[in-house]
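Start from chain U and add chain Y according to the hints.
Chains as they are written, first to last, in full-length UniProt numbering: chain U, 1 to 456; chain Y, 1 to 277.
Among the hints, a few may not be true.
Straight-line C-alpha distance at most 25 Å; calculated PhoX-like pairs for lysine-lysine [as the list claims (entries may be wrong)]: (1) Y:Lys92 / U:Lys115; (2) U:Lys448 / Y:Lys94; (3) U:Lys115 / Y:Lys164; (4) Y:Lys162 / U:Lys115; (5) Y:Lys220 / U:Lys383; (6) U:Lys159 / U:Lys451; (7) Y:Lys131 / U:Lys238.
Just a sample of chain Y residues kept apart from chain U, beta carbon distances all over 12 Å, derived [to be verified]: (8) Leu5; (9) Leu6; (10) Gly62; (11) Ala66; (12) Ala111; (13) Pro128; (14) Phe193; (15) Asp218; (16) Leu225; (17) Ile226; (18) Ala232; (19) Phe234; (20) His236; (21) Leu239.
Anything over 10 Å on all C-beta distances counts as not near chain Y; from chain U, calculated [to be verified]: (22) Gln10; (23) Ile11; (24) Gln40; (25) Tyr47; (26) Asn116; (27) Asp127; (28) Lys190; (29) Pro212; (30) Pro320; (31) Glu449.
To be clear, the hints were calculated from the coordinates, so they are not data collected in a lab.
We treat Cβ as the ideally placed atom computed from N, Cα and C, and that holds for glycine.
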Amino acid sequence: MKQKDSFADQIWMFFASVKLTVYTLVLLAGTSIIGTVILQNARPEAYIRLYGQGVYNMIQVLDLDRMYQAWWFLLLMVVLCVNIVVCSIDRLSATWKIIFPKNISVNPRRFEKAKNRQQFDSHLSMDRVARQARQVLAGRAGKVIEKTEDAGLLLYAEKGRWSRLGVYVVHASVLMLLAGALIGSALGFKANLRLDEGQTADTVFDSHTRLPIKLPFTVRCNDFQVKFYDTGAPDEFKSSLTILENNQESFTENILVNHPLRYKGINIFQASYGATAPDEAVFEIIDSEIGAIETHTIKNGGVVSLPAGAGNFTFEGFVPHYDFNGHDLGEAFIGRLDTTDGRNVQIVLPTKFPTFDKMRKGRFTIEVKSWDQAYYTGLQVTKDPGVPFVYTGFLLMIIGCWVTFFVSHQSVCIGLEQAGSGSTRVWVAGRANRNVQSTNLTVKKLVKELKDVSGK
Amino acid sequence: MNSSLLLSAATFIYALASVFYIGSFSFKKQAVARFGFWVIVIGLVANTGGILLRWMESYHMGYGHAPFSNMYESLVFFSWTAAALYVFVEFKYKESIIGVFVSPLIFLGIAYASFDPSITSKIMPLIPALKSNWLIAHVITCFLGYAGFALAFGFSFMYFIKPKDPGTKRLFAKLPDWDTIDELTYQMIVFGFLFLTIGIITGSVWANSAWGKYWSWDPKETWSLITWFIYAIFLHLRLIRGWYGKNLALVSIIGFIGVLFTYFGVNFLLSGLHSYG
Numbered sequence: 001m002k003q004k005d006s007f008a009d010q011i012w013m014f015f016a017s018v019k020l021t022v023y024t025l026v027l028l029a030g031t032s033i034i035g036t037v038i039l040q041n042a043r044p045e046a047y048i049r050l051y052g053q054g055v056y057n058m059i060q061v062l063d064l065d066r067m068y069q070a071w072w073f074l075l076l077m078v079v080l081c082v083n084i085v086v087c088s089i090d091r092l093s094a095t096w097k098i099i100f101p102k103n104i105s106v107n108p109r110r111f112e113k114a115k116n117r118q119q120f121d122s123h124l125s126m127d128r129v130a131r132q133a134r135q136v137l138a139g140r141a142g143k144v145i146e147k148t149e150d151a152g153l154l155l156y157a158e159k160g161r162w163s164r165l166g167v168y169v170v171h172a173s174v175l176m177l178l179a180g181a182l183i184g185s186a187l188g189f190k191a192n193l194r195l196d197e198g199q200t201a202d203t204v205f206d207s208h209t210r211l212p213i214k215l216p217f218t219v220r221c222n223d224f225q226v227k228f229y230d231t232g233a234p235d236e237f238k239s240s241l242t243i244l245e246n247n248q249e250s251f252t253e254n255i256l257v258n259h260p261l262r263y264k265g266i267n268i269f270q271a272s273y274g275a276t277a278p279d280e281a282v283f284e285i286i287d288s289e290i291g292a293i294e295t296h297t298i299k300n301g302g303v304v305s306l307p308a309g310a311g312n313f314t315f316e317g318f319v320p321h322y323d324f325n326g327h328d329l330g331e332a333f334i335g336r337l338d339t340t341d342g343r344n345v346q347i348v349l350p351t352k353f354p355t356f357d358k359m360r361k362g363r364f365t366i367e368v369k370s371w372d373q374a375y376y377t378g379l380q381v382t383k384d385p386g387v388p389f390v391y392t393g394f395l396l397m398i399i400g401c402w403v404t405f406f407v408s409h410q411s412v413c414i415g416l417e418q419a420g421s422g423s424t425r426v427w428v429a430g431r432a433n434r435n436v437q438s439t440n441l442t443v444k445k446l447v448k449e450l451k452d453v454s455g456k
Numbered sequence: 001m002n003s004s005l006l007l008s009a010a011t012f013i014y015a016l017a018s019v020f021y022i023g024s025f026s027f028k029k030q031a032v033a034r035f036g037f038w039v040i041v042i043g044l045v046a047n048t049g050g051i052l053l054r055w056m057e058s059y060h061m062g063y064g065h066a067p068f069s070n071m072y073e074s075l076v077f078f079s080w081t082a083a084a085l086y087v088f089v090e091f092k093y094k095e096s097i098i099g100v101f102v103s104p105l106i107f108l109g110i111a112y113a114s115f116d117p118s119i120t121s122k123i124m125p126l127i128p129a130l131k132s133n134w135l136i137a138h139v140i141t142c143f144l145g146y147a148g149f150a151l152a153f154g155f156s157f158m159y160f161i162k163p164k165d166p167g168t169k170r171l172f173a174k175l176p177d178w179d180t181i182d183e184l185t186y187q188m189i190v191f192g193f194l195f196l197t198i199g200i201i202t203g204s205v206w207a208n209s210a211w212g213k214y215w216s217w218d219p220k221e222t223w224s225l226i227t228w229f230i231y232a233i234f235l236h237l238r239l240i241r242g243w244y245g246k247n248l249a250l251v252s253i254i255g256f257i258g259v260l261f262t263y264f265g266v267n268f269l270l271s272g273l274h275s276y277g
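In isolation and in its complexed conformation, chain U is listed as follows:
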């Protein structure tokens, strides 16, 4: 052991300690809670309304409104990374020597204290027991190493030396994940795109910064379809998209939720949808005074005259969500009645409630009979070159955890000694760096097999 009092050594020791890992993980876990309690990525007004100006100032100082990108949170991650790297370098050389030793030395003393050590006497000669034991051991644990001692013979076998590397694989996977996340946030983007049926776009807008991002191609939405369950909940929605390059149609593909389009490193996801304003609709105008019913096809923005020249009706527009006393009544047509007696009222016709206008109890009642249902598709457009790194990290993490937790470095030793006339004393013991239970089991099974074959 070298002296550890220089400043650099002390820093090294600090970052190599498991205690630091625990402290960092505690801090990461504790502070992560903040972001699930305090609203994230909202506008300043929202914070002031929720918490007041004073608290908002504090939130801003500590970046708590986007805390998973805050400098101090990222610093914790950096500390964790340095900790992992230093810790691994510090221990790897020792582990390496255990995994790849120059020559495997068998030290019977190390097996003497094993709790699972079992001993019995066989009435066979040592040679015969040794032959049997070699076979049994090779079948259970692999290559057998032999060592002759004054007292007798030692047979030794082991497996899973490499499993000591598992923990380093787990730690490397964490670094890989964070590297992938870094690459993704530096070179990738996430944006939203709203396309009406028939529309094209080559620019999307970043979801956070709202800045335009030019795509390396143009997207056209040919068609959007939505299917509903009988409960009214959406069953499936899909868009037919065409990719255009240099004004040439490149290819057309249908995208659904969970089935995105991936092209040139850009991913296009089906995220949402909504109804667009129809160009024209069929209205029915009922005059309760003279009992007339007239049907008109009106263009958006168009005007028709009411029965008996009593005034005009204007189709003013369409909203995807109409708010009525705090309830969202869904899509609604907006119109205006302008009667000759000087009354001028706006009327709302929610498509889900065709007779809604009767509640107004006026002379004229308007109903929407039919219209061209058209939708816009809500797309999420992303690019993330970090994903391959993150997925590699995922794979390494699972493999590493599996090896670390469920594979162990096991060694088993069988000792044979002459015991009296023609009989042999046999002992079996095993050691493992973890998962002692399974080693004990191996020892038990070996003893049983040895007793069986040696006629005990």
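Frame of chain U; chain Y shown alone:
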């Protein structure tokens, strides 16, 4: 026979098993606990049948999906994984008395699903985002993780009630020896940690295929990460001298509180992308 009938039967069978385990503990009759084990096995069979039947019923209704899509279904599945893991553990370790801390958890899970009026047991159609094979992989792995942590939580209690003096005639003296308790708690946490890890990963891969983002700091995601951190802390603390027994058991209990908050708390208190447990 329909699924809800079979699942309420499972609820009562699990209740019976808890009665046997606790009874065996109070009256110091080991044989009663062995009986409790077989009752749990019967409960597990009924639970399995109920889940499979519900799966088939959803196809008859035309919605056709694995029964992992809402709070009711996830609670039923939680009890199933916890019961299955427990049966395996008792079978392997042959310590029948440890069921006393686990059987009530299995019962409470499925009972909560049936008796809380705010949890609907109706079979509902799947929203488009849930229509993915990742749903099955994600839910099964997460719940295997939760089951591991639930069992570890049950076993951790033994640290607090087993008397130190082995000669005592007190009620809790029959509990397994310290090495076995330590081994059991550790094995369950290792099992839970591996599956929670795979659960978070399958969830991320799924999110990437549905929304184009493998991680978005949604409250449920964040809380699952917090839980993962707590158990990672547990695994690292074992490497530090002086951390064993009660201290570690306490960390295991804190970890399970994390699991419970990820599972229930987030749904009730925080909003997010997860529509189910």
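Evaluated hints:
1. Y:Lys92 / U:Lys115: 20 Å, holds
2. U:Lys448 / Y:Lys94: 20 Å, holds
3. U:Lys115 / Y:Lys164: 22 Å, holds
4. Y:Lys162 / U:Lys115: Answer holds: Lys162 of chain Y to Lys115 of chain U is near 24 Å, not above 25 Å.
5. Y:Lys220 / U:Lys383: This hinted pair holds, its Cα atoms lying about 24 Å apart.
6. U:Lys159 / U:Lys451: Between Lys159 of chain U and Lys451 of chain U the Cα gap is close to 23 Å, so the pair holds against 25 Å.
7. Y:Lys131 / U:Lys238: Given that 25 Å is the threshold and the Cα spacing comes to 13 Å, the pair holds.
8. Leu5: Leu5 of chain Y is indeed farther than 12 Å from all Cβ atoms of chain U, at 24 Å.
9. Leu6: 25 Å, holds
10. Gly62: 8 Å, violated
11. Ala66: Non-interface label on Ala66 of chain Y holds, nearest chain U Cβ at 15 Å vs cutoff 12 Å.
12. Ala111: Non-interface label stands for Ala111 of chain Y: nearest chain U Cβ at 28 Å, farther than 12 Å.
13. Pro128: 4 Å, violated
14. Phe193: 7 Å, violated
15. Asp218: Asp218 of chain Y not clear of chain U: closest Cβ-Cβ about 9 Å, inside 12 Å.
16. Leu225: Violated: least Cβ distance 6 Å, not greater than 12 Å.
17. Ile226: 5 Å, violated
18. Ala232: 6 Å, violated
19. Phe234: Incorrect as stated: the minimum Cβ-Cβ distance to chain U is 10 Å, not above 12 Å.
20. His236: Given a closest Cβ separation of 5 Å, the condition is violated.
21. Leu239: It is violated; Leu239 of chain Y is separated from chain U by about 5 Å at its closest Cβ, not greater than 12 Å.
22. Gln10: Gln10 of chain U is indeed farther than 10 Å from all Cβ atoms of chain Y, at 19 Å.
23. Ile11: 20 Å, holds
24. Gln40: 7 Å, violated
25. Tyr47: Given a closest Cβ separation of 17 Å, the condition holds.
26. Asn116: Its Cβ never comes within 10 Å of chain Y, the nearest being 12 Å, so this holds.
27. Asp127: 39 Å, holds
28. Lys190: 6 Å, violated
29. Pro212: At roughly 18 Å from the nearest Cβ of chain Y, Pro212 of chain U sits farther out than 10 Å, so the non-interface label holds.
30. Pro320: 19 Å, holds
31. Glu449: The assertion about Glu449 of chain U holds, with a minimum of 21 Å to chain Y.
Comparing the model with each numbered hint stated earlier shows that hints 10, 13, 14, 15, 16, 17, 18, 19, 20, 21, 24, 28 do not hold.
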